[in-house]
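Trainee: Read off the chains here:
Number of protein chains: 2
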Amino acid sequence: METIHLTASQQKEVERQLDLYMTGAQEVIPPEELRTKIAKSVATGMPLKIKLGLDPSAPDVHLGHTVVLNKLRQFQETGHIVQLLIGDFTGKIGDPTGKSTARKQLTDEEVQHNAKTYFEQFGKVLDKEKVELHYNSKWLKELNLEDVIELAGKITVARLMERDDFEERIAMQKPISLHEFFYPLMQGYDSVVLESDIELGGTDQHFNVLMGRHFQERYKKEKQVVILMPLLEGLDGVEKMSKSKHNYIGIDENPNDMYGKTMSLPDSLMKKYIHLATDLELEDKKRLVKDLETGALHPRDAKMFLGKTIVRMYHGEEAAEAAEQQFKRVFQQNSLPEDIATVHWKGDQTTPIIDLLVTLELLPSKSEARRMIQNGGVKINGEKAENIHADIQVLPQMTIQVGKRKFVRLTVSE
Amino acid sequence: METIHLTASQQKEVERQLDLYMTGAQEVIPPEELRTKIAKSVATGMPLKIKLGLDPSAPDVHLGHTVVLNKLRQFQETGHIVQLLIGDFTGKIGDPTGKSTARKQLTDEEVQHNAKTYFEQFGKVLDKEKVELHYNSKWLKELNLEDVIELAGKITVARLMERDDFEERIAMQKPISLHEFFYPLMQGYDSVVLESDIELGGTDQHFNVLMGRHFQERYKKEKQVVILMPLLEGLDGVEKMSKSKHNYIGIDENPNDMYGKTMSLPDSLMKKYIHLATDLELEDKKRLVKDLETGALHPRDAKMFLGKTIVRMYHGEEAAEAAEQQFKRVFQQNSLPEDIATVHWKGDQTTPIIDLLVTLELLPSKSEARRMIQNGGVKINGEKAENIHADIQVLPQMTIQVGKRKFVRLTVSE
Numbered sequence: 001m002e003t004i005h006l007t008a009s010q011q012k013e014v015e016r017q018l019d020l021y022m023t024g025a026q027e028v029i030p031p032e033e034l035r036t037k038i039a040k041s042v043a044t045g046m047p048l049k050i051k052l053g054l055d056p057s058a059p060d061v062h063l064g065h066t067v068v069l070n071k072l073r074q075f076q077e078t079g080h081i082v083q084l085l086i087g088d089f090t091g092k093i094g095d096p097t098g099k100s101t102a103r104k105q106l107t108d109e110e111v112q113h114n115a116k117t118y119f120e121q122f123g124k125v126l127d128k129e130k131v132e133l134h135y136n137s138k139w140l141k142e143l144n145l146e147d148v149i150e151l152a153g154k155i156t157v158a159r160l161m162e163r164d165d166f167e168e169r170i171a172m173q174k175p176i177s178l179h180e181f182f183y184p185l186m187q188g189y190d191s192v193v194l195e196s197d198i199e200l201g202g203t204d205q206h207f208n209v210l211m212g213r214h215f216q217e218r219y220k221k222e223k224q225v226v227i228l229m230p231l232l233e234g235l236d237g238v239e240k241m242s243k244s245k246h247n248y249i250g251i252d253e254n255p256n257d258m259y260g261k262t263m264s265l266p267d268s269l270m271k272k273y274i275h276l277a278t279d280l281e282l283e284d285k286k287r288l289v290k291d292l293e294t295g296a297l298h299p300r301d302a303k304m305f306l307g308k309t310i311v312r313m314y315h316g317e318e319a320a321e322a323a324e325q326q327f328k329r330v331f332q333q334n335s336l337p338e339d340i341a342t343v344h345w346k347g348d349q350t351t352p353i354i355d356l357l358v359t360l361e362l363l364p365s366k367s368e369a370r371r372m373i374q375n376g377g378v379k380i381n382g383e384k385a386e387n388i389h390a391d392i393q394v395l396p397q398m399t400i401q402v403g404k405r406k407f408v409r410l411t412v413s414e
Numbered sequence: 001m002e003t004i005h006l007t008a009s010q011q012k013e014v015e016r017q018l019d020l021y022m023t024g025a026q027e028v029i030p031p032e033e034l035r036t037k038i039a040k041s042v043a044t045g046m047p048l049k050i051k052l053g054l055d056p057s058a059p060d061v062h063l064g065h066t067v068v069l070n071k072l073r074q075f076q077e078t079g080h081i082v083q084l085l086i087g088d089f090t091g092k093i094g095d096p097t098g099k100s101t102a103r104k105q106l107t108d109e110e111v112q113h114n115a116k117t118y119f120e121q122f123g124k125v126l127d128k129e130k131v132e133l134h135y136n137s138k139w140l141k142e143l144n145l146e147d148v149i150e151l152a153g154k155i156t157v158a159r160l161m162e163r164d165d166f167e168e169r170i171a172m173q174k175p176i177s178l179h180e181f182f183y184p185l186m187q188g189y190d191s192v193v194l195e196s197d198i199e200l201g202g203t204d205q206h207f208n209v210l211m212g213r214h215f216q217e218r219y220k221k222e223k224q225v226v227i228l229m230p231l232l233e234g235l236d237g238v239e240k241m242s243k244s245k246h247n248y249i250g251i252d253e254n255p256n257d258m259y260g261k262t263m264s265l266p267d268s269l270m271k272k273y274i275h276l277a278t279d280l281e282l283e284d285k286k287r288l289v290k291d292l293e294t295g296a297l298h299p300r301d302a303k304m305f306l307g308k309t310i311v312r313m314y315h316g317e318e319a320a321e322a323a324e325q326q327f328k329r330v331f332q333q334n335s336l337p338e339d340i341a342t343v344h345w346k347g348d349q350t351t352p353i354i355d356l357l358v359t360l361e362l363l364p365s366k367s368e369a370r371r372m373i374q375n376g377g378v379k380i381n382g383e384k385a386e387n388i389h390a391d392i393q394v395l396p397q398m399t400i401q402v403g404k405r406k407f408v409r410l411t412v413s414e
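Chains as they are written, first to last, in the UniProt record's numbering: chain A, 1 to 414; chain B, 1 to 414.
Hints are computed from structural coordinates only; laboratory data are not their basis.
Misleading hints may appear alongside valid ones.
Note that the list lumps identical chains together, so a pair holds whenever it fits in one copy or between two copies.
Result set (BS3-like, lysine-lysine): computed pairs, CA atoms no more than 25 angstroms apart in a straight line [what the hints assert, rightly or not]:
id, residue 1, residue 2
1, K220, K92
2, K308, K154
3, K240, K124
4, K130, K221
5, K154, K141
6, K49, K328
Small disclaimer: the values here were computed from a predicted structure and weren't measured.
So that you can see chain A by itself, here it is in the shape it has in the complex (with noise of 0.2 angstroms):
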């Protein structure tokens, strides 16, 4: 191993950065790796090349998918290069067994389109300029059957079969088709090409980002260093954010509805939203949480603080400014009381708001609930329900209000 000479004010930076880095993440293999390469960059005034790779097939971002992009961000503030890999070759091949919907295959156009369309969500995260934007189509599409055999040759059977979900189904006895090998094995290739310093993933991403380590090294390249990001859980606090669940944030929202959403997240996730889903300076985060923990801040503040700070990334200051006001004014200073009934709901997770209101007790009749919010005498979060033929989505810490005295707070089943 190589010897690289720092100053103490290199020095000084190199920890800084791997302080910086490492804050947040699950894990980071290995983290004297990563030091390394740092030092070499301080030492060089060569950037790194951080690699996050995307799928084509669901471009829905929402705080879930921004806790990679918040790491990356981090990364480009002290100059080094972000790489976004979307994975257009795996999209436009689809599943070949035709089994899997999720995998199912897309046109040149709609990759366009979904590339584009994570481009400009991403680009509210990350800074557009230092980006490269890379499509893996462009090498695996040129590989013939000697290169993927040469490529095979390079991993064995039963490393793959580790893969959690390979593993499992093993145990079930259910079949795995021989295709599946190839994803982690492209995922891997990628990084051999971009010769990215740094992959960066989710904890679910765990064996595919390691596959880049893996074949950089049997292809002689320097490994890159894997930073594996927690998943953050959503609105309910335990399951993680998907759009599948409704229980996520978008980041293309409304300030209203995403400072609400906010509002409603459990107290126990606080500190991990301050790390994961803010862009603030890592001594701010860092003071915030300890405030947290000795009480020195109510929770109820720092989630005010956190709300109008996700406004502010995705919609500017003076949206982050009103959406908290028109929360002080509904939530706080008027409408509702101290001590709010809470009321499981275990209907469907979608409802008709006149069945809502009839189930929940609030109005003895459907056409007596039809005349209240005719009348505007019903409220959902504050805001006044119009539409008679409304579908409302019942999102756990949902307050409904009917005339001047009836509330009622929703918990939500599992």
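Start from chain A and add chain B according to the hints.
Mentor: Just chain B now, kept in the frame of chain A:
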């Protein structure tokens, strides 16, 4: 399943072919499909396509290889088409891990040369006019990653693991490199491209040959029937005939060696050799075997007929006659006494002639042995030994004569 209408004589022809092809085969998968294919061919006059895959790395052809060739010739005689498939793609890529010395990378020239050698040697058994020569690099080198993933999507990992040697290595925790899974895939894909009706192979090819059936079905083609031929034991009567075991009869050997080696076969192998290593008519084979079983034919006479037949196949009638005469002259009429001592040889399989004579105590010293050879007094299998530096390949049933009266016949340890 479609119904095929046949006249009585066509029906008889179907049964004749079925009996012909099945006799001597170890396994036909499945026999009822073989009957259907023959019936279709008889009804329509369309020949069947019979595939044999060849590894281009080892072009030394011996009788062990001719087991499948003799079966192919039976198909040719009825008018069917033989597809010789040279696996040059595999030969050219070698083993990407570099671990297997058996699978070393061949140049285009080597592949061409080996294929030509095969074709010439095979021409001694097959009718070259009714052979199609195919090189699988033609289609395999055209496959790109997308095609490979499509192919791999048509088989499961579990199915591939069923191959005996994979299963064994998994049990022994020995690594399997992923590229090894491609060889059966390629062999199967060859059958898809060639639209083979039948594929021949040795019983050791059971798994690979079935791949053709598997992939033809998955690519919506008519499935090939698989005919597995038994492996032929060599001169020792126990091990599979192979060059490395020094127990083979090469089809390029001179008539006298060919005849003599055949005579050294254990009696127990007569039936098998008659069925698998000759071009006799099926009814003649059956009669010979029956006569051997009833004792109407002496094993030695059967063996002489077998020897003559084999020499005739590779060198013609005249050479066969001459080899028989030579054998009779040396071994029967003059040289060999009726009861000759048998000595078990425990030394190296290849031994300098001088050492052989002294170790067997046929001569008291190396100098005596040297002199006796120079005087023309030593015969190996009835042939005068002339070179005192010769290395002798010790084979079972080999006879050594020193002077007029000393004889030994050797048996050899496993």
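Trainee: Take the hints in turn and mark each one as holding or not.
Mentor: Hint-by-hint comparison with the structure:
no.: 1; hint: K220 with K92; in the structure: between (29 angstroms within a copy, 23 angstroms between copies)
no.: 2; hint: K308 with K154; in the structure: neither (50 angstroms within a copy, 52 angstroms between copies)
no.: 3; hint: K240 with K124; in the structure: within (22 angstroms within a copy, 71 angstroms between copies)
no.: 4; hint: K130 with K221; in the structure: within (24 angstroms within a copy, 52 angstroms between copies)
no.: 5; hint: K154 with K141; in the structure: both (19 angstroms within a copy, 20 angstroms between copies)
no.: 6; hint: K49 with K328; in the structure: neither (44 angstroms within a copy, 83 angstroms between copies)
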